[in-house]
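Here's the letter readout for the chains.
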Amino acid sequence: MDITDASCQVVTLDIVGQVCPASLLLTLRKVNEIKDAIHQGKARLEVLTDNRDSVGTISEAVGNMGYGYATEKKEGHYVLSISAPR
Amino acid sequence: MTPETIQIALIVLLVGIASGFLMHRSDFCIAGAFRDLFLFRKTFMLRILLLLVVASMLLFDAARRLGMLPFYPFPLLGAISPANVAGGILFGIGMVLSGGCVVGTVYRSGAGNVPAIAALAGLVAGSGLYAEIHPAWASFQKSSVLFPGMATLPQLSGIDPTWFVMAVSVPAAWLFLRWARAGLLSRKTAVDGYIQPWVAAVALALLGLASWVAAGMPMGITTSYAKAAAFLEALIVPDHYAALSFFRSAPLDVVFPSGYPLRGGPGARLDGIALIQFPLIGGILAGSFLSAVSLREFRLRFRVPPVQIAAGLAGGVVMGLASRMAPGCNVWHLMGGLPVFSVPSILFVAGLFPGAWIGSTMLKRLI
Numbered sequence: 004m005d006i007t008d009a010s011c012q013v014v015t016l017d018i019v020g021q022v023c024p025a026s027l028l029l030t031l032r033k034v035n036e037i038k039d040a041i042h043q044g045k046a047r048l049e050v051l052t053d054n055r056d057s058v059g060t061i062s063e064a065v066g067n068m069g070y071g072y073a074t075e076k077k078e079g080h081y082v083l084s085i086s087a088p089r
Numbered sequence: 148m149t150p151e152t153i154q155i156a157l158i159v160l161l162v163g164i165a166s167g168f169l170m171h172r173s174d175f176c177i178a179g180a181f182r183d184l185f186l187f188r189k190t191f192m193l194r195i196l197l198l199l200v201v202a203s204m205l206l207f208d209a210a211r212r213l214g215m216l217p218f219y220p221f222p223l224l225g226a227i228s229p230a231n232v233a234g235g236i237l238f239g240i241g242m243v244l245s246g247g248c249v250v251g252t253v254y255r256s257g258a259g260n261v262p263a264i265a266a267l268a269g270l271v272a273g274s275g276l277y278a279e280i281h282p283a284w285a286s287f288q289k290s291s292v293l294f295p296g297m298a299t300l301p302q303l304s305g306i307d308p309t310w311f312v313m314a315v316s317v318p319a320a321w322l323f324l325r326w327a328r329a330g331l332l333s334r335k336t337a338v339d340g341y342i343q344p345w346v347a348a349v350a351l352a353l354l355g356l357a358s359w360v361a362a363g364m365p366m367g368i369t370t371s372y373a374k375a376a377a378f379l380e381a382l383i384v385p386d387h388y389a390a391l392s393f394f395r396s397a398p399l400d401v402v403f404p405s406g407y408p409l410r411g412g413p414g415a416r417l418d419g420i421a422l423i424q425f426p427l428i429g430g431i432l433a434g435s436f437l438s439a440v441s442l443r444e445f446r447l448r449f450r451v452p453p454v455q456i457a458a459g460l461a462g463g464v465v466m467g468l469a470s471r472m473a474p475g476c477n478v479w480h481l482m483g484g485l486p487v488f489s490v491p492s493i494l495f496v497a498g499l500f501p502g503a504w505i506g507s508t509m510l511k512r513l514i
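For the record, the sequence lines run as chains A and B.
The numbering of the first sequence is our numbering, which starts it at 4 and goes up by one.
The numbering of the second sequence is our numbering, which starts it at 148 and goes up by one.
FYI, nobody ran anything at the bench for these hints, they're computed from the structure.
Where a beta carbon is used, it is the ideal one built from N, C-alpha and C, also for glycine.
Treat each hint with caution, since some may be false.
[What the hints assert, rightly or not] Simulated pairs of lysine-lysine, DSS-like, Cα-Cα distance not exceeding 25 Å:
no.	chain 1	residue 1	chain 2	residue 2
1	B	Lys511	A	Lys38
2	A	Lys76	A	Lys33
3	A	Lys33	B	Lys289
4	B	Lys189	B	Lys511
5	B	Lys511	A	Lys33
6	B	Lys335	A	Lys76
7	A	Lys33	B	Lys189
8	A	Lys45	A	Lys33
9	A	Lys33	A	Lys77
10	B	Lys289	A	Lys38
11	B	Lys335	B	Lys189
12	B	Lys335	A	Lys77
[Stated by the list, open to error] Covered stretches of chain B, as calculated for chain A (at least 3 residues, CB under 8 Å):
no.	stretch
13	228–239
14	337–343
[Stated by the list, open to error] The following label-pair restraints were derived from C-beta to C-beta distances:
no.	chain 1	residue 1	chain 2	residue 2	range
15	B	Arg410	A	Asn67	50 to 60 Å
16	B	Ile153	A	Met68	22 to 32 Å
17	A	Asn35	B	Thr309	44 to 54 Å
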């Protein structure tokens, strides 16, 4: 699924400033919550975090679960886009 | 202010800056190493910690044989007692709840993390709280000491430390080679300016050695939190402060081979402890701040779930208490005591595991 698809809803999870394990736990919970929508290409999850460690661990975790992901740096935080498996 | 004093302060400051920078760039989270084993079944940082311990023991022993160390083993190792395990378990709970250990808390505060700043406040409060229970705890420690006068395995067995170092580092080296080949010692991540933790581990071992040579012992910082509490109490409740025997104690009392004396304790004085710890903490704060700012990632964010700030504060208090009860913190025991086979440190680190498990179980319910 092309993540620039206009009909794809963007769900945002803003966990900037939160503690490290919270970042991974909350992301995994959100991913599971909307996993059907992600698999069907109807939605993608954007996680906003400033926790450097979490950027690596979240990418690894969702990557292992088969999702596509991309990382982008904005001013002072990172945006992780999680989309359907390729 | 003698030249030696300035020299020690400067070297310790530089060690601190380098450590803070490296730990921020490599996400060197010691609390996470124990926590993520139970929370996510991840063992990556535990492998890195093993590398840090083995690198340290090799460097320390080589330095010892070369006559570079002013004291061997280093002062303030403490006595073997069940207090070491109890302190370790409590510390494990505290560091998981607060989101970071004593150093993680400092380098995250330097990067603008608000729960970490709450944890710092908790560390000072917990250390101050310890002063209230010190007479009871100290007498428990004294009555439960095993093998008085000795702390390390080489001391207990009469066997040269190098044998212990070889017995651990040879199989460990084989493990590291296997792990490296399987890609288990490096991490893929998209963040800017990332330094691989294995590089930081080796660098921290070198920095620990620098600290031992210049300041007489590897890195230690938690007595300074007790000092911060002491300064506050001396200011706000001077009569109560004066009645607390803990703040009058001065366990550090050594003389360098050069004749330079180093004395100090947790009280509200600028003494030897202040000399070797304040520049270290300041350095770690400065180093992590520099690292975050240079990546344009420094920001103070207050919109954080209140339960995480509360957990940070509570975890900090527990860590503060535990670091005075053990005594010592994870940095002191992992990076200093374990590499010299100190039994109090082995007991403390063993206690970290069940402590982290308890803390992780609590954390899962809070988030």
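Hint check results:
Our distance criterion of 25 Å between C-alpha atoms is met by B/Lys511 and A/Lys38, whose separation comes to about 22 Å. A hinted pair counts as satisfied when its Cα atoms are at most 25 Å apart, and A/Lys76 with A/Lys33 qualifies at roughly 21 Å. Only pairs whose Cα atoms come within 25 Å are accepted, and A/Lys33 paired with B/Lys289 is rejected, the gap being roughly 52 Å. A hinted pair counts as satisfied when its Cα atoms are at most 25 Å apart, and B/Lys189 with B/Lys511 qualifies at roughly 16 Å.
Proximity of B/Lys511 to A/Lys33 is assessed by CA-CA distance (about 15 Å); at most 25 Å being required, the pair is judged to hold. With a C-alpha separation of about 16 Å, the suggested pair B/Lys335 and A/Lys76 falls inside the 25 Å cut-off, and the hint holds. Distance check on the hinted pair: A/Lys33 and B/Lys189 sit about 21 Å apart at the alpha-carbon level, within 25 Å; holds. The straight-line distance between the Cα atoms of A/Lys45 and A/Lys33 is roughly 15 Å, inside the 25 Å bound, and the hint therefore holds.
Distance restraint check for A/Lys33 and A/Lys77: the Cα-Cα separation of roughly 22 Å lies within the 25 Å cut-off, and the hinted pair is therefore satisfied. With a C-alpha separation of about 58 Å, the suggested pair B/Lys289 and A/Lys38 falls outside the 25 Å cut-off, and the hint is violated. Proposed proximity of B/Lys335 and B/Lys189 is supported: the alpha carbons are some 15 Å apart, at most 25 Å. For the suggested pair B/Lys335 and A/Lys77, the alpha carbons sit about 20 Å apart, so the restraint of at most 25 Å is met.
By the rule of at least three residues with a Cβ nearer than 8 Å to a Cβ of chain A, the coverage given for the stretch 228–239 of chain B is violated, with 0 such residues. Counting residues of the stretch 337–343 of chain B whose beta-carbon sits less than 8 Å from any beta-carbon of chain A gives 4, enough to reach three: the coverage restraint holds. For the pair B/Arg410 and A/Asn67, the supplied restraint of 50 to 60 Å holds, since their beta-carbon distance comes to about 54 Å. Take B/Ile153 and A/Met68: their Cβ atoms lie about 55 Å apart, and the range 22 to 32 Å is violated.
For the pair A/Asn35 and B/Thr309, the beta carbons lie near 52 Å from each other, so the given range of 44 to 54 Å is met.
Of the numbered hints stated above, those contradicted by the structure are hints 3, 10, 13, 16, listed in ascending order.
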